[in-house]
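Trainee: Chain by chain, the residues:
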Amino acid sequence: MNNLYTIETKIGDEIEKALQIAISQRHTSIIKELMRFILNRTLNLRIQQRKNDFTLYLNIHKYIFQYLKENSVNPSLDKEVTKTLHDLICRSLKDLFDATNITPTKGERSNNLTYSQLIINSHGDLINLALIHHDLVFLRKILNNLHLIAFFPWQMARHLLMAIQQLEEKRDKTPQEEKELTTLKENYHIKKEVRMLLKATYFWALFLHGENRLTIEEIRKVIEIFDDYNDYIGEEFLPDLIYMRGFHNRQSFSWVSWDYIERNDMIVYTPPIAYNWELFGAAIFLIIQPGTLSLSSWKDQLLLNNNWAILHSLKQVLQKLKMSGNDKWSNLTDSLNKTEYENNINYLLNQINLFEEVRITEEERVIAGVDLDQAKVDHFINAIINGYRERNDLVKLFSTFNTIEILPPEAPTSPKKKIGLVNFPLIGSKKMFVSRENNGISVTGESQIMDLIQGREFLEFLGILPMDTPIVTSNTIDKINEILSALKENERKPTVIICGVNSLTRTFPSSESFDLATNESGSEIDLNQIVGYYQNIPVLRTYNHYFNDYILVADFEAAFKLTKTQAEKPLGLTANVALFTEEDIRHFLAQEDLWQRFGDDAEFKIKNSVKINYYVQEQFSIKDPNSFSLILSTRESV
Amino acid sequence: MLSLRSLAKMKLSSDMPDIYPPPYNIQPKTLLSRLNTPLGIFFILPLVLLSLILGNYFYIPAFDFYSLKTQSATTILEQRISNLVTTFSITLVVVGWSTTNLTTKESIPYELLFKSAKIYLIFYYLVSLIVSLFITSWLKDESWINLPNLITAITFLSIVAFGGILYSFYQFRRVILPDFLTSLLAKEAINHIKKDNKNNLILKASNVVLKDLYDKHKLVSITPPDGHNLELVVINPIPPETKSEDEILEDEILKALEHSNTKNIKLHNVYTILLAVYFKIFPPHGYSIQLQLGTIVYDNQVVFYLKKDKLSYLKSVLYAKAFHLRRFEIEEPNTKYVDYLTKYLQKNSKDGNMEQVQLALKAIDKIQEINDKISNYNP
Chain A
1 MNNLYTIETK IGDEIEKALQ IAISQRHTSI IKELMRFILN RTLNLRIQQR
51 KNDFTLYLNI HKYIFQYLKE NSVNPSLDKE VTKTLHDLIC RSLKDLFDAT
101 NITPTKGERS NNLTYSQLII NSHGDLINLA LIHHDLVFLR KILNNLHLIA
151 FFPWQMARHL LMAIQQLEEK RDKTPQEEKE LTTLKENYHI KKEVRMLLKA
201 TYFWALFLHG ENRLTIEEIR KVIEIFDDYN DYIGEEFLPD LIYMRGFHNR
251 QSFSWVSWDY IERNDMIVYT PPIAYNWELF GAAIFLIIQP GTLSLSSWKD
301 QLLLNNNWAI LHSLKQVLQK LKMSGNDKWS NLTDSLNKTE YENNINYLLN
351 QINLFEEVRI TEEERVIAGV DLDQAKVDHF INAIINGYRE RNDLVKLFST
401 FNTIEILPPE APTSPKKKIG LVNFPLIGSK KMFVSRENNG ISVTGESQIM
451 DLIQGREFLE FLGILPMDTP IVTSNTIDKI NEILSALKEN ERKPTVIICG
501 VNSLTRTFPS SESFDLATNE SGSEIDLNQI VGYYQNIPVL RTYNHYFNDY
551 ILVADFEAAF KLTKTQAEKP LGLTANVALF TEEDIRHFLA QEDLWQRFGD
601 DAEFKIKNSV KINYYVQEQF SIKDPNSFSL ILSTRESV
Chain B
1 MLSLRSLAKM KLSSDMPDIY PPPYNIQPKT LLSRLNTPLG IFFILPLVLL
51 SLILGNYFYI PAFDFYSLKT QSATTILEQR ISNLVTTFSI TLVVVGWSTT
101 NLTTKESIPY ELLFKSAKIY LIFYYLVSLI VSLFITSWLK DESWINLPNL
151 ITAITFLSIV AFGGILYSFY QFRRVILPDF LTSLLAKEAI NHIKKDNKNN
201 LILKASNVVL KDLYDKHKLV SITPPDGHNL ELVVINPIPP ETKSEDEILE
251 DEILKALEHS NTKNIKLHNV YTILLAVYFK IFPPHGYSIQ LQLGTIVYDN
301 QVVFYLKKDK LSYLKSVLYA KAFHLRRFEI EEPNTKYVDY LTKYLQKNSK
351 DGNMEQVQLA LKAIDKIQEI NDKISNYNP
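Taken in order, these protein sequences are the chains called A and B. Anchor point for the first sequence: position 48 equals 48 in my numbering, and the numbering is continuous, going up by one each time. Anchor point for the second sequence: position 215 equals 215 in my numbering, and the numbering is continuous, going up by one each time.
Looking at chain A on its own, in the form it has when it is part of the complex (with noise of 0.2 Å):
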């Protein structure tokens, strides 16, 4: 619906000239009687859920705003049109707030979250704005609507994650307790991205300071701004820190576009991205109240998935500014003076130092002390053999003809060559096996350690096939009737069709006598990959890359044997998941640099790792070269 965005694009512009026009003139009422019209429609449309429209409309907000700076020429004159116009945006943002959480939606709670979001994201454009034209009036006014949009009975985050945890785990939840949990969740993200846009607001300011955009008064009177909200700042200090530096999406938070140089169409300039700044105000801002920083509460999420990197990088700003002197930052706040600045930054680097000495959780101080639980071993090994059984075609193949021979140990011919995993180190995997609470066992785990295996069994099948001597053709149907006939009159009967990925395509749909493969098809051979029938012969296909543009006709039973070595398991399969012994720990603290990268930690970890046994001995072999034949199908020219 093209023209319908057009008439609405085109009346919004519109309507943000003539408010353009009306505020050059001063005339306040009609200022006011547009925007009352905007706030109107920009409601409307929320309640239609015209999200493209609604954006619109709530970036006329940010706009007159910036024509306002610009255009203002004498404030003495434009004082009572820029007040106007702050109050009005300010109330006109609350009010589309409120409405966007009245409303109620139709079963998409998710909905409400993206107005939300884009209401903060359109206070975090007008942060910038009156933060590069040093409207600091305007910032305290737009930061206190912050404020009340944040503005929960339950006032803190940790209060309400509690109260959200409380009624997650409630079973048999009445439907009451459910919307309640959804507001809670709801209030939570809200609170969250609240406090990312004061945290972004305080960090950008100190930012801008260091780039001599904001003078020492305004910077200070910003610091002033921000004692109401320093609840804001010190709540979740580190993990909200982590999240900065290491979120994925980073279209929903507009502040990490923020800028202060004008762009000229001509010159080629890089806008600082959100990295570079706001660790560095972070640092800043923990000078100015070192008591944030309490690392011991954190502990358990800054050990999780190397989170303690931000820790060594806030060791080197932090470095770094009592190297660089201290002129610029320790004169912030009445109460910061040299002594007091270089203190501040030695007590912060003694914590991180102190705390960087200790990197393992306790958790996993628990897990390297207690033994495997049989049971969730037995289900994972159970899983992985009905894996090989089940979904391993080849082998499914050679039990159908009856082709498998199984040899004892002892024999001498029994093949003694191990294809899988032999004492395979799975790090940091030991917590799958050990009961605890909450955790069942990782499903995608087991089925890439089963396609190893079946892979690698599938190359050594292609290691006796005459790969580099086929019967090249391009016109491969034909080439198959040929062979399928020969065979016959050999008095051989071709039972299988194995295809690569190519030469599938390339051969079979053009054939009138390629039938799809149906369930109601009368076959006795039960496998996966079965695409279709040829001549009433099971066509396979294999996504092996080395095959792609082979097909194997063979009769199968006729043609290859699988020699096996009888295992513990069925079909000569050998798995097992062990702890690794004392012996195996010594072993590898001397020699193996696999662990060498956890440092003094190496024993914790080695401790929280198992090693599985998962492999089958086995060889195949060809028991008759004329009862199969290798096709390399080329590419047909039209």
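Please keep in mind that the hints were generated in silico from the structure rather than gathered at the bench. C-beta atoms are modelled at their ideal positions from N, C-alpha and C, and glycine is treated no differently.
What the simulated footprint calls covered on chain A by chain B, stretch by stretch (three residues with Cβ under 8 Å from a Cβ of chain B suffice, anywhere in the stretch; the number is not a length):
hint: 1; region: 9-20
hint: 2; region: 28-39
hint: 3; region: 43-51
hint: 4; region: 500-510
The list that follows gives simulated cross-link-like pairs (lysine to any residue, SDA-like), each with its CA atoms no further than 20 Å apart:
hint: 5; chain 1: B; residue 1: Lys350; chain 2: A; residue 2: Ser72
hint: 6; chain 1: B; residue 1: Lys187; chain 2: A; residue 2: Glu14
hint: 7; chain 1: B; residue 1: Lys373; chain 2: A; residue 2: Leu56
hint: 8; chain 1: B; residue 1: Lys373; chain 2: A; residue 2: Gln48
hint: 9; chain 1: B; residue 1: Lys347; chain 2: A; residue 2: Tyr67
hint: 10; chain 1: B; residue 1: Lys350; chain 2: A; residue 2: Gln25
hint: 11; chain 1: A; residue 1: Lys10; chain 2: B; residue 2: Thr335
hint: 12; chain 1: A; residue 1: Lys10; chain 2: B; residue 2: Glu331
hint: 13; chain 1: B; residue 1: Lys347; chain 2: A; residue 2: Gln20
hint: 14; chain 1: A; residue 1: Lys69; chain 2: A; residue 2: Thr82
hint: 15; chain 1: A; residue 1: Lys79; chain 2: B; residue 2: Lys350
hint: 16; chain 1: B; residue 1: Lys343; chain 2: A; residue 2: Glu14
hint: 17; chain 1: A; residue 1: Lys417; chain 2: A; residue 2: Lys569
hint: 18; chain 1: A; residue 1: Lys10; chain 2: B; residue 2: Lys343
hint: 19; chain 1: A; residue 1: Lys10; chain 2: B; residue 2: His192
Position chain B against the provided structure of chain A, taking the given hints into account.
Mentor: Just chain B, lined up with the frame of chain A:
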């Protein structure tokens, strides 16, 4: 109903009767405004002549008490001609004087003036009346002319003409008032929005209509696997050419880049009755994509899958005949009234005319209300 387009139109009219009334439901007002165009003379003159001919043969019974002599009828006829010509010239002078004295010199208010005052309609009516009177006076001695009857009819028609002139003057007076102007602008803008979007909405509705047809014949969407054995129904076939391998590769890349629609072909119509018959006699295996009118049709676009047999190629050709393709061009929407309205708003914002600003906003609100209804249409 034979085609998908007409079915979709019907569905649209039944879904949104207030915005797109069904074709048989024409108001007298709309009829008049349709005659009020530069080409209206071709309808109005025959209408006037027809009514005079009817008046000649049919006596109006309400005038039983009054009998006109043929002699005085002749005199009256001559007088009527001169009266009407005088009225016509005076009207012309007054209209000219009024338009030159309008405060605004922009084209859109003039256009609205001509529209709302029904200038074309009334002028053409007067001219047609004068012409038919000339013809009457020329033929007055013919034996089949019943002059007294005719004079009665002419008197009626003339009274209607005077009423029209009065109405026209009244509208002239009103157009200068801001509230009337803004509401007229909104009305015109809404008409254009309706017109511009009608086609889009028909396309939307056609999706549902076609889906209903598919459902009725228990047709499902299928994606046949790589090596299937089905006949494809192709509606935009491209004749196979002998090309080298490199050229084919190049074509494939070009196709991927341009989305393979090099000729801007769209689905214009579907002959549903044909399709329904085909569904009955050679039921397809399934359909490939859910079509709607206006869908871009790619080269060798597959729409159905048929089970392969000896006649399947013939069937697929027959099926393809049920689809009507056509090149398309993108039409720019007409936004001149919206533009004028917003300019009006800006001008009055500059001058600080609160009342006019409010009126303009009210008109914009009205436009948006209709626009919302149209854009939220979900068949």
